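4 protein chains.
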Amino acid sequence: MVGGGQGALIGPVHRMAARLDDRYELVAGAFSSDSGKNLATAADLCLPPERAYADFAEMASREAARADGVEVVAIVTPNHLHHAPAKAFLETRVHVVCDKPLTTRLSEALDLVEAVRRTGLVFALTHAYACYPMIRQARAMVAAGELGEVRVVQVEYPQETFTDLVEELGAAPDRWRRDPARSGAGGCIADIGTHAHHLAEYVTGLELRELCADLSTFVPGGQVDDNNHILLRYEGGARGMLWASKVAPGYRNPLRLRVFGTRAGLSWKQERPDEMTWMPLRGTARTVMRAGPDTGEAAARASRLRVGHPEGLIEAFANIYSEVADIVAARLLGRPTPGPVAFPTVEDGARGMKFIEAALESNGRGGAWVDARLAL
Amino acid sequence: MVGGGQGALIGPVHRMAARLDDRYELVAGAFSSDSGKNLATAADLCLPPERAYADFAEMASREAARADGVEVVAIVTPNHLHHAPAKAFLETRVHVVCDKPLTTRLSEALDLVEAVRRTGLVFALTHAYACYPMIRQARAMVAAGELGEVRVVQVEYPQETFTDLVEELGAAPDRWRRDPARSGAGGCIADIGTHAHHLAEYVTGLELRELCADLSTFVPGGQVDDNNHILLRYEGGARGMLWASKVAPGYRNPLRLRVFGTRAGLSWKQERPDEMTWMPLRGTARTVMRAGPDTGEAAARASRLRVGHPEGLIEAFANIYSEVADIVAARLLGRPTPGPVAFPTVEDGARGMKFIEAALESNGRGGAWVDARLAL
Amino acid sequence: MVGGGQGALIGPVHRMAARLDDRYELVAGAFSSDSGKNLATAADLCLPPERAYADFAEMASREAARADGVEVVAIVTPNHLHHAPAKAFLETRVHVVCDKPLTTRLSEALDLVEAVRRTGLVFALTHAYACYPMIRQARAMVAAGELGEVRVVQVEYPQETFTDLVEELGAAPDRWRRDPARSGAGGCIADIGTHAHHLAEYVTGLELRELCADLSTFVPGGQVDDNNHILLRYEGGARGMLWASKVAPGYRNPLRLRVFGTRAGLSWKQERPDEMTWMPLRGTARTVMRAGPDTGEAAARASRLRVGHPEGLIEAFANIYSEVADIVAARLLGRPTPGPVAFPTVEDGARGMKFIEAALESNGRGGAWVDARLAL
Amino acid sequence: MVGGGQGALIGPVHRMAARLDDRYELVAGAFSSDSGKNLATAADLCLPPERAYADFAEMASREAARADGVEVVAIVTPNHLHHAPAKAFLETRVHVVCDKPLTTRLSEALDLVEAVRRTGLVFALTHAYACYPMIRQARAMVAAGELGEVRVVQVEYPQETFTDLVEELGAAPDRWRRDPARSGAGGCIADIGTHAHHLAEYVTGLELRELCADLSTFVPGGQVDDNNHILLRYEGGARGMLWASKVAPGYRNPLRLRVFGTRAGLSWKQERPDEMTWMPLRGTARTVMRAGPDTGEAAARASRLRVGHPEGLIEAFANIYSEVADIVAARLLGRPTPGPVAFPTVEDGARGMKFIEAALESNGRGGAWVDARLAL
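Residue numbers (this note's numbering), protein chains in the order written: chain A, 1 to 376; chain B, 1 to 376; chain C, 1 to 376; chain D, 1 to 376.
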């Protein structure tokens with residue numbers, strides 16, 4: 001693991017997710033640039049000190065030299081520290097699970113796409129929301145044509161976290177999200193706007209064609225955007241709206257996706273991830289439940305408990321880790337790899353970076369329509 | 001009453017609303033251009049045949065000639081038949097309650113504003129959703145500064161009604177809503193987009209400054225827009241999004257408004273009109289109920305039943321009628337009129353027409369930003 | 001109208017309900033035993049003073065002597081003043097709409113049953129919750145066998161109103177509900193327990209066979225019960241639970257009924273009266289909406305607005321008034337009366353009194369099982 | 001681990017829970033009485049075959065003989081196989097985590113209480129619902145007096161699973177739940193009634209004094225109860241109702257607890273475990289969220305993710321395992337053990353068995369009131 005030292009927010013979630021299905025053992029890390037914290041974290045995790053490395057570069061080279069070196073690395077650092085470690089491990093033939101957004105610039109993202117394709121390694125991006133069973137269910141239903149032709153996509157991801165913050169306030173663990181040097185030029189849009197953008201593409205299977213963005217920085221002294229209002233036009237003619245916000249008091253994390261086609265609509269909220277509302281045209285709305293009677297194979301594969309026994313975000317994260325393990329194990333054993341990849345990929349990450357750059361460009365031009373396509 | 005003949009949808013709602021508080025007696029009408037239907041409707045309503053007029057013009061002139069002529073007229077015809085009767089009755093000194101949108105063109109709307117101001121008569125526009133007690137509560141809370149400074153407005157009004165319609169299908173009672181000759185150039189935007197636009201301005205007290213509209217016509221053969229995605233910029237810096245749709249399967253009428261300020265957010269859905277969610281920043285969300293402990297005077301004045309005993313849309317409509325009656329009665333009795341007008345006015349209607357025309361212009365220019373201000 | 005003087009809670013609801021569908025004209029009343037209040041109420045309602053009577057007896061006899069005397073009387077007094085006026089008007093051949101519970105003693109209730117049967121007049125009891133469209137829908141679905149054989153009934157009606165009250169506190173408008181001299185021996189059970197009991201019988205079509213009641217008086221100094229826990233056994237083998245409470249903080253009026261059969265379950269809450277949750281066995285729960293695609297004739301007849309446009313309790317009350325008017329008008333015109341009576345009847349009221357008396361007896365015997373059948 | 005062989009339902013949940021916080025290593029098991037399945041399960045779990053034992057007795061004795069023998073055993077067998085293995089491991093000084101209900105007879109339960117007290121070992125019973133953070137929050141609020149004095153407890157746990165089952169139908173994994181030889185004399189009451197009973201006592205801190213039970217067996221040919229209607233009287237005067245059912249179509253697992261005191265009420269549903277509704281008397285209901293602003297220490301200790309990021313049942317289960325590990329580790333290290341035990345104990349299990357036996361006795365006597373106290 002790269003990042004995830006004591007006090008980190010997302011590192012422990014990755015570790016729990018990796019443990020849940022017993023497919024991984026954590027054997028090495030470069031947890032912090034602070035060497036004391038790095039060693040202390042290793043000790044907490046019962047790692048021998050020699051496998052707590054000073055930095056990712058040392059870790060990549062020395063693990064590559066070991067017969068029992070790491071097979072998969074998790075990168076859980078701030079955004080500006082995704083590209084270099086990912087590249088380093090890919091070059092030493094280590095599979096990568098990387099936090100989102102992929103990088104801080106599209107050019108870096110494209111560089112990673114190239115490296116993944118060249119090396120043939122597995123690369124997963126932890127848009128974990130896409131790995132909830134009911135999101136898999138939604139995607140399968142859209143793909144099977146149960147909505148008919150998709151016309152309208154409404155996605156939103158509001159939080160309150162920046163509302164009353166000014167620059168002076170904070171050394172909070174996620175203060176780096178408001179610092180362009182570490183988060184990239186995008187603030188809210190990079191942190192959660194990309195989640196929303198990804199989820200919409202993931203479920204609908206549609207690629208974004210163009211967008212018109214009105215990005216705001218409401219918080220006094222803010223250096224990055226904190227509210228995103230974006231109009232979306234997809235390939236094939238569907239239209240959408242995306243709202244992401246860090247200034248929505250009372251909203252903790254209610255990522256929500258709604259998709260409407262010619263035959264039905266669906267609605268899903270991450271705060272109640274085990275449910276999806278299915279709305280057939282001129283019919284009666286149904287509450288479809290994870291592991292319930294109307295869910296299919298895609299959801300079942302991503303599910304652990306019986307209906308009515310709640311699963312949560314750690315389980316969604318764990319699906320990424322276990323799906324990566326399935327492929328890695330199959331290759332090691334010389335078996336055919338399992339079916340199509342369900343977890344978010346490096347290409348998804350690159351499209352996310354294109355989305356960020358297009359939105360920033362649109363906003364910079366006063367809210368003009370901008371091409372958001374990315375040929376990969 | 002003008003319009004509202006047998007088979008009409010909204011006419012009976014107006015009549016129930018006018019009766020609820022026992023402030024009106026229905027004494028005359030021009031219910032239908034079909035004279036048989038006109039007379040039959042009058043008979044159903046126990047009116048004498050001589051007060052069932054062939055058209056609004058005859059009704060206006062002959063009622064004006066009677067000592068016991070109508071004091072208030074309700075206009076419940078399709079959009080293209082609002083301006084002329086409203087004007088006619090204003091000119092004969094009859095107060096007007098008119099269905100929305102105000103007219104089919106801004107110029108007609110401005111003409112009515114002029115007539116109302118000149119005559120000094122009462123004019124109410126039935127954006128009835130603005131007359132739910134909890135909307136009054138929301139408006140009062142914003143006005144009192146309980147949200148702090150408003151930053152973000154999210155309003156949506158989705159329906160499924162046009163989803164599978166093509167022109168050939170229908171003589172449905174509201175087929176005129178898809179016919180530009182009767183609805184005006186706007187389809188979805190005129191019918192329900194204006195409700196959403198009005199509700200947002202009504203609650204926030206903010207005027208729209210500019211907008212960027214992406215209007216679609218998804219239904220094959222459709223002559224008017226059936227989906228509206230609109231970015232909003234308000235005076236003072238607040239930003240918003242408006243989604244109105246006639247192609248959202250499963251959605252019956254869930255008009256929803258959310259407003260976020262520097263101190264709190266609020267959320268209201270018309271399908272559960274007696275509740276509002278109040279979300280203080282970094283606090284715990286509260287379900288504020290009509291006639292409950294956290295509601296104030298504005299809501300109380302618009303409320304009839306104790307907490308927990310549901311009120312509905314007829315009651316919201318009735319608030320308009322009764323508030324008009326309060327003013328008319330006060331004038332007749334030479335008493336001071338009650339406090340500030342709470343019901344939607346002719347000026348609100350004109351701003352709605354400006355909103356429609358600006359959105360159509362923006363869309364016609366490929367989604368450009370367009371000035372939406374209207375000096376009145 | 002008998003009762004409903006200035007300051008009364010339920011009288012104005014009856015009057016709005018009677019007006020809504022324009023089937024009644026209020027022409028006379030004995031609104032209050034306080035003659036000043038009686039006359040003032042009459043004046044508020046634009047009645048001539050000679051038809052504001054000192055008491056119900058005078059009203060019954062003098063109206064009977066008029067050619068234009070009342071045809072239907074509404075009795076909206078406290079419980080101990082239901083029997084005598086109801087009897088008096090029945091004897092002068094006036095149809096009756098009476099508030100619930102029917103009387104304060106079963107013997108009085110049986111006396112009214114006899115009078116209604118002897119006179120052949122119409123008698124409606126305002127268990128208004130039974131007149132919501134979705135309750136009609138639920139009843140029709142049970143009757144049609146869509147639930148299969150009913151096994152389990154869960155009904156609850158909690159409020160917070162007595163929680164912190166002691167006798168000294170109050171001259172609140174409904175203080176009489178805590179006074180056995182006016183409410184009868186039952187407190188909570190008479191006021192809202194009977195609503196719950198009725199609703200369960202009304203929807204399931206099952207009669208209660210026996211019950212076991214644990215009634216509490218938590219409020220210090222309370223003279224009547226304020227919490228009811230009751231086990232129910234119905235004819236045919238279904239079992240149920242009834243919870244009614246006046247000491248449930250935070251609960252305003254969420255009367256709720258759930259019925260489970262061999263094939264499906266249903267759930268309805270009065271706070272959201274336009275919805276019902278339908279739960280087929282091993283299927284996906286559906287939110288059935290008033291005037292929506294899965295509702296039938298019984299609901300449609302009790303419904304005024306299109307789907308998604310909320311109706312409330314006044315409309316449910318109005319259904320009783322209009323259904324009574326339908327029968328009275330048919331008889332006056334010599335036409336066949338409409339189909340089976342949908343509103344609650346005098347027999348329902350007598351069964352409610354039997355329920356109260358059986359529960360009080362059970363509780364008095366320490367929570368013994370008691371026969372609750374009533375042969376009518 | 002004892003039990004939890006291939007195909008088992010609850011065993012894998014225990015294993016995930018034990019892994020989540022990285023406090024356990026699974027080193028030995030007696031997974032199945034079928035030796036092939038036993039070995040295959042061990043292989044799946046990467047255990048050496050010599051630590052896959054033929055039965056719990058062999059495992060207890062041989063692990064006791066190893067220097068690296070198990071320190072904690074998880075017992076996840078059907079009910080009739082809880083007592084003997086628990087006793088065997090306690091006698092060899094191994095701490096126990098045991099599935100619920102504790103045993104099939106009260107006498108066995110008391111025997112385990114004696115053994116735990118005599119040995120001083122740790123014993124946890126997996127009423128995992130009691131280990132959700134918001135249940136800990138609810139318990140802390142009751143204990144702190146925020147509800148005032150508790151008056152009313154409403155608890156329910158309905159499922160649909162037996163609704164259409166007859167004995168002939170099934171070799172389903174949980175068929176043993178309907179076989180008195182394996183589940184004990186109680187069916188629904190042993191399986192889920194005890195969960196409800198425990199949750200109510202756990203949150204309120206009140207002990208049950210007496211009960212009156214109406215147990216049904218609706219399913220034709222059923223050998224155990226499938227619906228439980230129980231009135232409850234607690235020490236100190238609070239009253240309650242408990243509904244547990246296996247014949248409630250559409251209900252998957254919505255365990256729900258509501259508690260009402262003199263100052264406030266609270267409501268929690270396990271299908272949305274991260275939320276609790278808090279209802280102050282005559283105040284506005286609040287949705288309290290896990291890790292949100294109104295949650296305290298007890299909830300925080302049981303919580304892993306930030307507010308708005310859902311946790312589920314595996315996490316609740318994991319709390320038991322980690323809290324047991326805290327105590328075991330403290331003892332091993334000679335440190336003071338952490339504060340009061342939060343997980344359910346052997347005494348809770350014994351009280352659960354008393355509850356079952358009292359309910360069966362009450363029902364056998366036609367629904368009489370029966371003493372439910374247990375002096376421990």
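Derived from the structure by calculation, the hints contain no laboratory data. Quantities reported herein were computed from a predicted structural model and do not represent experimental measurements. Incorrect hints may have been included.
Unchecked claim - Here are some, though not all, of the chain C residues that point toward chain D, as calculated from beta-carbon distances under 7 Å:
| hint | residue |
| --- | --- |
| 1 | C46 |
| 2 | P48 |
| 3 | R151 |
| 4 | F218 |
| 5 | G221 |
| 6 | N227 |
| 7 | W243 |
| 8 | A264 |
| 9 | M279 |
| 10 | W369 |
The C-beta atom is built at its ideal place from N, Cα and C for all residues, glycine as well.
Do the hints match the structure? See the list:
1. Hint status for C46 (chain C) relative to chain D: violated, with the closest Cβ pair at about 37 Å, above 7 Å.
2. The beta carbon of P48 (chain C) is not positioned within 7 Å of any beta carbon in chain D (closest approach about 42 Å), and the interface hint is therefore violated.
3. For R151 (chain C), the shortest C-beta to C-beta distance to chain D is roughly 5 Å, which falls under 7 Å, so the interface hint holds.
4. Annotation: F218 (chain C) was flagged as interfacial toward chain D, and the flag holds, the nearest CB pair being 5 Å apart, inside 7 Å.
5. Restraint check, G221 (chain C) versus chain D: the minimum CB separation of about 14 Å is more than 7 Å; hint violated.
6. A cut of 7 Å between beta carbons decides the hint on N227 (chain C): the least distance to chain D is about 6 Å, and the hint holds.
7. The closest approach between the C-beta of W243 (chain C) and any C-beta of chain D is roughly 6 Å, which is under the 7 Å cut-off, so the hint is satisfied.
8. The restraint placing A264 (chain C) at the interface with chain D holds, with a minimum CB-CB distance near 5 Å, inside the 7 Å limit.
9. The interface hint given for M279 (chain C) holds, since its Cβ lies 2 Å from the closest Cβ of chain D, which is under the 7 Å cut-off.
10. Of the supplied interface hints, the one on W369 (chain C) holds, with its beta-carbon coming within about 6 Å of a beta-carbon of chain D, less than 7 Å.
The structure shown violates the earlier hints numbered 1, 2, 5.
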